[in-house]
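Visitor: Single-letter residue listing:
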Amino acid sequence: MSLLLALPLLPLAVAGWLALSSRAEQLATGWLVALVAAFPVAAAALLAPDRIELPELLVLGTSVLVLNETARAALLLFGGLWLTAGLLLTRTREQGPGVIALLVTLSGAMTLALAEGGPLVYAGMLAVGYGLYAIMAGAPGDEWRRAGRALIVLLVVSDLLVFELLLSSTASPGAGMPRGLILLGLAALVLRSSVPPAHAWLPPALATVGTPTAVLLVAVPTGAGMVGVLKLLPGGAPEVGVLCILFGLAGAAWAAIAGLAQVQPRTSLAYALAATAALLLMAVPAGVGSGGQLAWLVLALLAACAALPLVALQPAGWARDIGIAAALLVHGLAGGQAALHAASAVPAWAGFLAPLAAVAATLLLTVTARRTMPAARSDESVEATHLAYTPIILAASGLVLAWGARPPELAYTWVAPVGITLGLIVFRMVPRRAQPHIQPGDLLGPVERVVGFLCRWLRVLSLRYLPRVRDRLGAWALGLWDGDAWSRRVHRVDLRLRAWPATGVLMLLVALGAAFLLAQ
Amino acid sequence: MNTNAWLPLAVLASSFIPGMIIFLLPEKAVVLRIALNLGGAVLKIILLVLMMIGVFHGVEYEFRLPLVPGIDFVLHADALSLMFVNLSAVLWLATTIYAIGYLENSPNRSRFFGYFSLCVTTTVGLAMAGNLLTFLVFYEALTLTTYPLVVHRGTEVARKAGRVYLAYTLFGGVLVLAGTIWLYSLTGTLEFVDRGFVADLGLDPVVLRMIFTLLILGVGVKAGLVPLHAWLPTAMVAPAPVSALLHAVAVVKAGAFGVVRIVYDVFGIEFAASLGVTLPLAVLAAVTIIYGSVRALFQDDLKRRLAFSTVSQVSYITLGVAIAGPIATIGGLVHLVHQGFMKITLFFCAGNFAETLGVHKVSEMRGIGRRMPWTMAAFTLAAFGMIGVPPMVGFISKWYLGLGALEVGQDWVVLVLAGSSLLNAAYFLPILRTAWFDPPPAEWPHERDFGRKETAWALLLPPLFTVGAALVWGLFASMPGTPLDWVQFIAARKYAP
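Listed in order, the protein sequences are those of chains A and B.
Heads up: the first sequence begins at 0 in numbering that gives the first Met the number 0, then just goes up one per residue.
Heads up: the second sequence begins at 0 in numbering that gives the first Met the number 0, then just goes up one per residue.
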């Protein structure tokens with residue numbers, strides 16, 4: 000049996016064992032998660048390219064698990080982040096998500112990372128999406144619920160779009176994918192990857208969850224969405240390249256404006272991530288690229304973002320400063336490379352716009368880093384310093400491998416210094432406020448009010464008007480069978496017929512007709 | 000008469016004879032009653048497996064008894080009927096085990112299990128009916144044998160629900176009777192034939208459309224087609240095993256199966272499509288799917304929410320049949336089995352919540368996942384299946400229905416499926432959220448103590464078994480021996496050139 004099959008099954012097996020174990024409460028579950036998550040990281044680093052067919056799985060007859068560049072990048076991203084979250088859970092102060100939710104979601108992420116072929120990719124995307132909700136639910140208090148509700152709605156709609164995309168592409172396998180279907184897939188990506196305007200759930204969510212959950216929320220939704228779309232549209236979609244550039248740029252601008260108006264580091268980080276997601280959306284039309292270029296860039300950008308929640312755990316000092324600088328630099332350089340990748344699928348004028356989104360994302364990340372206060376020095380905070388390097392190393396690896404697939408161009412490396420410098424300037428210039436100028440999740444409030452109104456309307460329709468219509472129809476139908484009423488109606492008709500002078504003639508005609516028919 | 004003729008009769012007898020004996024048993028004869036119930040159920044499954052192997056290898060199983068000149072009482076086992084009979088038999092076994100636990104120490108158990116066995120007998124007879132008259136006989140018998148189960152509790156509400164149930168289903172029976180007589184007067188035969196028996200007779204299309212309407216409305220009552228569905232939520236006052244029986248094993252499925260028989264074996268799918276009756280049927284099914292989901296959305300009573308969900312989900316079968324294409328047929332027929340397993344799981348779980356904690360409403364389910372994790376896990380998986388989340392079987396059904404619709408150019412059906420999935424998510428996910436992620440209350444409405452277990456084994460094992468099957472058949476859908484595999488076998492015969 001190939002080791003690839005063990006990657007999604009191992010977390011499930013451990014989750015099942017934990018569910019059945021009576022000693023689950025006493026087990027050091029953080030170490031367990033870290034141990035399980037180390038497996039995909041090792042597999043991504045050490046295993047040779049592999050491919051196994053799973054005959055008769057799901058509906059298509061054959062599903063495939065593949066270890067290629069995209070899968071390696073996804074394994075490193077998901078495995079590395081789960082490893083970090085698991086190690087964070089070993090810290091006594093961290094209040095983390097349920098370990099079974101973590102493991103089941105990791106299994107879904109592994110499936111998504113390795114799967115090839117529609118339904119299996121779809122299953123992985125679903126498992127990661129709903130699993131993240133369960134992970135969020137481990138947060139203390141009720142604050143996360145509002146964001147969770149929004150996330151679920153976005154996920155459900157996105158899942159339906161993916162389902163439509165899969166159905167249609169399966170129904171017409173030979174033909175190239177029509178533009179409508181491509182747009183469907185990109186819409187699904189926007190909804191599940193926190194690309195503005197579908198980012199509204201993320202700022203309030205990040206503001207309320209613990210650090211392990213925050214590390215996952217920063218990178219996993221966008222990472223899963225990107226990996227899913229890269230598997231569903233591996234060749235990209237150059238025909239919608241300009242549209243994606245414009246949409247992504249608008250999203251990045253939106254995120255930049257709302258992100259700068261924030262006060263809390265976590266909400267600022269959410270907007271930085273939204274801008275990063277918008278940048279990645281711009282690069283999707285160019286496809287994965289040779290050597291899995293875009294997949295490595297996804298790893299680099301998202302892992303760099305995921306390092307930021309850990310910065311808050313570090314005490315002030317050179318180790319923290321180096322970590323922050325490395326994360327920002329990697330993000331800026333990877334952003335520039337992503338812009339270069341995006342520009343390869345669009346006309347020159349549109350390609351010029353892509354680096355602007357990268358600048359916005361790096362700028363926001365810099366502001367976030369500056370807004371993040373260092374932790375008080377203690378044994379645990381010193382230990383956290385080492386932990387923060389895990390995602391930074393992952394990000395740096397992603398960047399190096401992306402450069403290996405396509406060497407950097409000087410014209411696109413300016414994003415890093417410009418983005419970081421602008422971030423530092425803007426941080427100095429933006430006045431300090433006690434309250435954010437724009438509420439975290441900007442759109443969430445108005446959308447909630449509209450949806451609440453629609454739900455109330457639907458409720459009234461369902462509980463009052465539909466039964467009323469049904470009752471009236473029923474009463475009308477019963478009235479048709481009312482014997483007395485029918486008797487009266489027939490009696491009236493009878494009287495009218497008798498009163499009509501022509502009735503006799505008519506009866507005669509009927510009788511003659513009947514006689515004629517009988518004679519025949 | 001050879002063995003092949005007696006086997007269908009033996010399948011009927013395996014539940015009929017135990018049922019008649021159980022009627023005569025005193026309430027205290029618990030062990031004998033259980034032995035008869037379980038023995039009959041296991042025997043039925045063994046006989047069915049034998050018949051399935053035979054049918055797969057082309058053996059004909061038919062029992063024929065002349066009723067009146069020109070019309071026989073016919074039991075005929077073909078691939079389609081065996082699929083339904085198997086569904087009923089397997090779920091009957093699960094429901095019997097569940098009912099034993101559920102009705103422990105309650106009165107009138109002999110009466111209950113007697114009618115329970117008779118109900119399954121009539122369902123099996125209906126499935127194996129070889130002509131429209133035999134179908135009608137069992138169709139009406141099913142109404143009469145399930146009525147005592149609906150009113151089993153004997154309360155005023157139960158009796159009222161029973162009256163509504165009788166009024167609707169007998170009305171449906173009258174429509175089927177009228178259609179049957181009319182059809183016989185025109186054709187002189189009622190035998191079910193692959194690809195239909197009215198296709199080549201040169202009958203007036205207008206008359207045939209009217210007969211089709213009569214028959215479909217007649218079986219549509221039991222299938223819960225809007226606006227003939229109102230009995231279904233009302234009948235929710237019945238005990239949980241009866242609800243499970245109504246929704247997953249017998250009554251609703253009998254209606255859906257009737258639609259399948261009428262479209263495929265009375266009219267023939269190509270001829271029905273040429274008459275122009277399949278599109279209105281598909282539209283009616285689509286309306287039912289959306290209507291049922293919308294009504295389910297705001298029901299606080301858990302069983303009532305599930306009942307409206309059934310109204311919606313069963314129409315997937317009708318939709319698949321009405322779309323008229325081999326792939327959609329696979330989607331519709333396989334949903335007959337898939338929906339049965341998922342829905343029975345949900346009703347078992349609802350019964351567990353009610354029996355163990357006294358929880359009947361969605362608003363009372365806060366934190367119930369922590370108190371009853373296994374039951375809630377089964378509920379969660381089944382709910383995911385209803386939404387269409389892979390790898391549960393619900394995904395397989397929706398996948399084939401969607402593909403089938405696209406295959407024949409009926410793209411609007413995909414929108415209906417998407418809308419339905421959205422609504423399914425809207426009425427199931429809040430339950431899962433409150434059950435798993437809300438804190439449990441300090442005290443449950445009527446909590447029963449089962450020691451270290453969350454509930455009795457007899458109540459817990461059936462939902463775990465049924466949801467396990469729904470998961471395995473979803474994950475390994477294309478393996479030999481799964482419902483999907485069997486349905487592909489059926490569709491190949493129905494659409495064979």
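I should point out that these hints are in silico values taken from the structure, not numbers from a laboratory.
In this text, all values refer to a predicted model and were calculated from it rather than measured experimentally.
A couple of the hints might just be wrong.
Which residues of chain A face chain B? A few of them, derived with a C-beta cut under 7 Å, are [said to hold, decoys possible]:
1. P118
2. A122
3. L125
4. A136
5. V155
6. L159
7. L166
8. A170
9. R458
10. L462
Simulated restraints, written as ranges between beta carbons of each label pair [stated by the list, open to error]:
11. I51(A) x P479(B): 35 to 43 Å
12. W181(B) x L465(A): 32 to 40 Å
13. G408(B) x R467(A): 51 to 59 Å
14. L465(A) x G201(B): 51 to 59 Å
15. T420(A) x W411(B): 49 to 57 Å
16. A518(A) x P204(B): 29 to 37 Å
17. R471(A) x A34(B): 19 to 27 Å
18. P466(A) x L278(B): 45 to 53 Å
19. G467(B) x I51(A): 47 to 55 Å
20. P68(B) x L465(A): 28 to 36 Å
21. A34(B) x R488(A): 54 to 62 Å
22. A484(A) x M209(B): 24 to 32 Å
Every residue, glycine too, gets a C-beta built ideally from N, C-alpha and C.
Visitor: Are the hints correct? Go through all of them and say.
Guide: Structure-based check of each hint:
Nearest Cβ of chain B to the Cβ of P118(A): about 6 Å, under the 7 Å cut. The hint holds. The beta carbon of A122(A) is positioned within 7 Å of a beta carbon in chain B (closest approach about 4 Å), and the interface hint is therefore held. Because the beta carbon of L125(A) sits about 5 Å from the nearest beta carbon in chain B, less than 7 Å, this interface hint is met. This hint holds: A136(A) has a C-beta 4 Å from the nearest C-beta of chain B, less than the 7 Å allowed.
The criterion of a C-beta within 7 Å of any C-beta in chain B is met by V155(A), whose closest approach is roughly 5 Å, and the hint holds. Interface restraint check: L159(A) against chain B, minimum CB-CB distance 5 Å, threshold 7 Å, status holds. At its closest, the beta carbon of L166(A) sits 4 Å from a beta carbon of chain B; the interface hint therefore holds under the 7 Å criterion. At its closest, the beta carbon of A170(A) sits 4 Å from a beta carbon of chain B; the interface hint therefore holds under the 7 Å criterion.
Against a cut-off of 7 Å between C-beta atoms, the interface hint on R458(A) holds, since the closest Cβ of chain B lies about 5 Å away. Among the interface hints, the one on L462(A) holds; its C-beta lies about 5 Å from the nearest C-beta in chain B, closer than the 7 Å criterion. One distance hint, 35 to 43 Å for the beta-carbon pair I51(A) and P479(B), is violated here, with the actual separation near 21 Å. Range check, W181(B) to L465(A): Cβ separation about 34 Å, and the 32 to 40 Å hint holds.
At roughly 37 Å, the beta carbons of G408(B) and R467(A) sit outside the given window of 51 to 59 Å. Between L465(A) and G201(B) the CB atoms are about 44 Å apart, so this pair departs from the stated range of 51 to 59 Å. Distance hint check for T420(A) and W411(B): the Cβ-Cβ separation is about 55 Å, which falls inside the suggested range of 49 to 57 Å. Under the hint 29 to 37 Å, the C-beta atoms of A518(A) and P204(B), about 31 Å apart, fit the expected range.
At roughly 52 Å, the beta carbons of R471(A) and A34(B) sit outside the given window of 19 to 27 Å. Distance hint check: the CB atoms of P466(A) and L278(B) are about 29 Å apart, inconsistent with the given range 45 to 53 Å. Checked against the given bound of 47 to 55 Å, the beta carbons of G467(B) and I51(A), roughly 25 Å apart, lie outside it. Checking the proposed 28 to 36 Å range against P68(B) and L465(A) shows it is violated: the Cβ atoms sit about 50 Å from each other.
For the hinted restraint 54 to 62 Å between A34(B) and R488(A), the CB-CB distance of approximately 60 Å keeps it satisfied. Range check, A484(A) to M209(B): about 25 Å between beta-carbon atoms, so the 24 to 32 Å window is met.
In the structure shown, a violation is registered for the earlier hints numbered 11, 13, 14, 17, 18, 19, 20, in ascending order.
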